[in-house]
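*Asks:* For reference, the chains in residue letters:
Number of protein chains: 2
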Amino acid sequence: MEDLQQKIRSFTTVSDADMEFALQFYKKESVPKGSFLLKPGQYIDSFYFMKEGCVSYYTVDDGISQVMELFTEGYFFTDLYAYIQEVPSLSYLEVMEDSTLYTVSKKDVEKIFDYSHQLERFGRLSMQKAFINNFQRIHQIKNVSNQERYLELLEKRPSLFQRVPQYLIASYLGLTPVGLSKIRKRLSKEEIKN
Amino acid sequence: MEDLQQKIRSFTTVSDADMEFALQFYKKESVPKGSFLLKPGQYIDSFYFMKEGCVSYYTVDDGISQVMELFTEGYFFTDLYAYIQEVPSLSYLEVMEDSTLYTVSKKDVEKIFDYSHQLERFGRLSMQKAFINNFQRIHQIKNVSNQERYLELLEKRPSLFQRVPQYLIASYLGLTPVGLSKIRKRLSKEEIKN
Numbered sequence: 001m002e003d004l005q006q007k008i009r010s011f012t013t014v015s016d017a018d019m020e021f022a023l024q025f026y027k028k029e030s031v032p033k034g035s036f037l038l039k040p041g042q043y044i045d046s047f048y049f050m051k052e053g054c055v056s057y058y059t060v061d062d063g064i065s066q067v068m069e070l071f072t073e074g075y076f077f078t079d080l081y082a083y084i085q086e087v088p089s090l091s092y093l094e095v096m097e098d099s100t101l102y103t104v105s106k107k108d109v110e111k112i113f114d115y116s117h118q119l120e121r122f123g124r125l126s127m128q129k130a131f132i133n134n135f136q137r138i139h140q141i142k143n144v145s146n147q148e149r150y151l152e153l154l155e156k157r158p159s160l161f162q163r164v165p166q167y168l169i170a171s172y173l174g175l176t177p178v179g180l181s182k183i184r185k186r187l188s189k190e191e192i193k194n
Numbered sequence: 001m002e003d004l005q006q007k008i009r010s011f012t013t014v015s016d017a018d019m020e021f022a023l024q025f026y027k028k029e030s031v032p033k034g035s036f037l038l039k040p041g042q043y044i045d046s047f048y049f050m051k052e053g054c055v056s057y058y059t060v061d062d063g064i065s066q067v068m069e070l071f072t073e074g075y076f077f078t079d080l081y082a083y084i085q086e087v088p089s090l091s092y093l094e095v096m097e098d099s100t101l102y103t104v105s106k107k108d109v110e111k112i113f114d115y116s117h118q119l120e121r122f123g124r125l126s127m128q129k130a131f132i133n134n135f136q137r138i139h140q141i142k143n144v145s146n147q148e149r150y151l152e153l154l155e156k157r158p159s160l161f162q163r164v165p166q167y168l169i170a171s172y173l174g175l176t177p178v179g180l181s182k183i184r185k186r187l188s189k190e191e192i193k194n
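Heads up: the protein sequence lines correspond to chains A and B, in order. So for the first sequence, the UniProt record's numbering puts the first residue at 1; every next one is plus one. So for the second sequence, the UniProt record's numbering puts the first residue at 1; every next one is plus one.
Honestly, the hints are just simulated from the structure, not real lab data. Keep in mind that this is a model prediction, so the values were computed, not measured. Where a beta carbon is used, it is the ideal one built from N, C-alpha and C, also for glycine. It cannot be assumed that every hint is accurate.
Said to hold, decoys possible - Incomplete in silico selection of chain B near chain A, CB under 10 Å:
#1 L80
#2 L90
#3 F113
#4 I138
To be verified - Pairs of lysine-lysine, DSSO-like flavour, derived with a Cα cap of 30 Å:
#5 B:K51 / A:K142
#6 B:K107 / B:K185
#7 B:K107 / A:K7
#8 B:K129 / A:K142
#9 A:K111 / B:K111
#10 B:K7 / A:K129
#11 B:K51 / B:K28
#12 A:K189 / A:K106
#13 A:K107 / A:K156
#14 B:K51 / A:K129
#15 A:K27 / A:K107
#16 B:K142 / A:K39
#17 B:K129 / A:K51
#18 B:K106 / A:K111
Stated by the list, open to error - For each label pair, taking beta carbons as the anchor points, the in silico distance ranges come out as:
#19 A:T12 / B:N146: 39 to 45 Å
#20 A:A17 / B:G34: 51 to 57 Å
#21 A:K27 / B:L23: 38 to 44 Å
Chain A with its partners taken away, still in its complex shape:
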């Protein structure tokens, strides 16, 4: 669980003893492509760390799916609203590639935070990050042009474009598949010109 340790330590300092305490509660789990960790109406009691693979987090409104995030290596994730509030989810967590996860239950997360001030801090900072990500996403879709959003994703997470179907990328960018395709064509024409 070297990758998980590294990720936690990217937030804050954690002693070896506290880390060891935390890691005992994480369980390694393999989930096949096409399965669901969560569907609307279900409760979610787990927090996940993605060791390897890809999970799409989306809602479906009036038959149109809206991808909120694509979780790949190194992401912590859950349906945070349903997890915190302990209410039925409104979302899907669909496994897009055979994936390996480290899973921890809410009850065990509470034990970890009780045990260690450092890990409580990790909890605070990761919650802070969730708030920031959410804010940025909403701000981006409202204020940043489609082409800029596309280019930013291409720069930050180029491998997504190889491993995830285009319609999911489009939805994640708040575009239709046709809209995404137009942007790509326009950009490739510009490249040829230059």
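Fit chain B to the given chain A structure using the hints.
*Replies:* Below, chain B alone, put in the same frame as chain A:
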């Protein structure tokens, strides 16, 4: 600072010693109606607790203001995105009534969290609450009818309607002033009928 103590303890258990440590860093401040705690382009280094009064948190896009929150007694607030990221704000914090605040700097908040595991937990849980509030607000504006949003606000925060101008209430509900006025007229007609 009894009200501040009570508010913090509504999140989690905090010993008297830890509470005393925290409270020394809060400064009482009076701000007059019409003044601004923050304008777009400015940095914000303070976290506030509203003892008495009202502050409107809004953005202005293309001349249209959009109220994100109306902070009244018992609210913790800041422009959380600008505060965390230490970037210039995109928002206004405008004082709508003569107000009394308890103010603490980011540097002192860090000292408080360093000193006490309990207060670090308070930090985690209040960040969690900020995430939930943000999620609910977005979900509500997307999925709940105008009339239902109006009725919910009326039930939860009836005093807002007495103390805040109608155009701010409208903006907070994601409505135009005309839209809000129509809803109120329709509801009062229904009342007369019943």
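*Asks:* Does each hint hold? Answer for all of them.
*Replies:* Structure-based check of each hint:
1. Annotation: L80 of chain B was flagged as interfacial toward chain A, and the flag holds, the nearest CB pair being 7 Å apart, inside 10 Å.
2. Taking 10 Å as the C-beta contact cut-off toward chain A, the hint placing L90 of chain B at the interface holds, the least distance being around 8 Å.
3. Interface hint at F113 of chain B: satisfied, since its Cβ lies 7 Å from the closest Cβ of chain A, which is below the 10 Å cut-off.
4. Of the supplied interface hints, the one on I138 of chain B holds, with its beta-carbon coming within about 7 Å of a beta-carbon of chain A, less than 10 Å.
5. Taken as a hint, the K51 of chain B and K142 of chain A pair is broken in the structure, with Cα atoms around 34 Å apart against an allowance of 30 Å.
6. At roughly 49 Å between alpha-carbon atoms, K107 of chain B and K185 of chain B are farther apart than 30 Å, so this suggested pair is violated.
7. For the proposed pair K107 of chain B and K7 of chain A, the alpha carbon gap of about 25 Å is at most 30 Å, so the pair holds.
8. Restraint check for K129 of chain B and K142 of chain A: satisfied, since their Cα atoms lie roughly 24 Å apart, inside the 30 Å limit.
9. A threshold of 30 Å between alpha carbons decides the hint, and for K111 of chain A with K111 of chain B the separation of about 24 Å falls inside it, so the pair holds.
10. A C-alpha spacing of about 24 Å is found between K7 of chain B and K129 of chain A, which places the hinted pair at or below 30 Å, so the restraint holds.
11. Between the alpha carbons of K51 of chain B and K28 of chain B the distance comes to roughly 9 Å, so the proposed pair stays at or under 30 Å and holds.
12. A hinted pair counts as satisfied when its Cα atoms are at most 30 Å apart, and K189 of chain A with K106 of chain A does not qualify at roughly 50 Å.
13. This hinted pair does not check out: K107 of chain A and K156 of chain A have alpha carbons roughly 34 Å apart, beyond 30 Å.
14. Among the hinted pairs, K51 of chain B with K129 of chain A is consistent with the structure: their alpha-carbon atoms are about 28 Å apart, no more than 30 Å.
15. Between K27 of chain A and K107 of chain A the CA atoms are separated by roughly 14 Å; this keeps the pair inside 30 Å, and the hint holds.
16. For the hint linking K142 of chain B to K39 of chain A, the alpha-carbon distance of about 20 Å falls within 30 Å, and the restraint holds.
17. For a cut-off of 30 Å, the pair hint linking K129 of chain B to K51 of chain A stands: about 28 Å separates their Cα positions.
18. Of the pairs offered as hints, the one joining K106 of chain B and K111 of chain A holds, with about 28 Å between alpha carbons and a cut-off of 30 Å not exceeded.
19. Roughly 43 Å separates the CB atoms of T12 of chain A and N146 of chain B, a value that falls within the hinted 39 to 45 Å.
20. The beta-carbon spacing between A17 of chain A and G34 of chain B, approximately 54 Å, falls within the hinted interval of 51 to 57 Å.
21. For K27 of chain A paired with L23 of chain B, a C-beta distance near 42 Å keeps the hint of 38 to 44 Å intact.
The structure shown violates the earlier hints numbered 5, 6, 12, 13.
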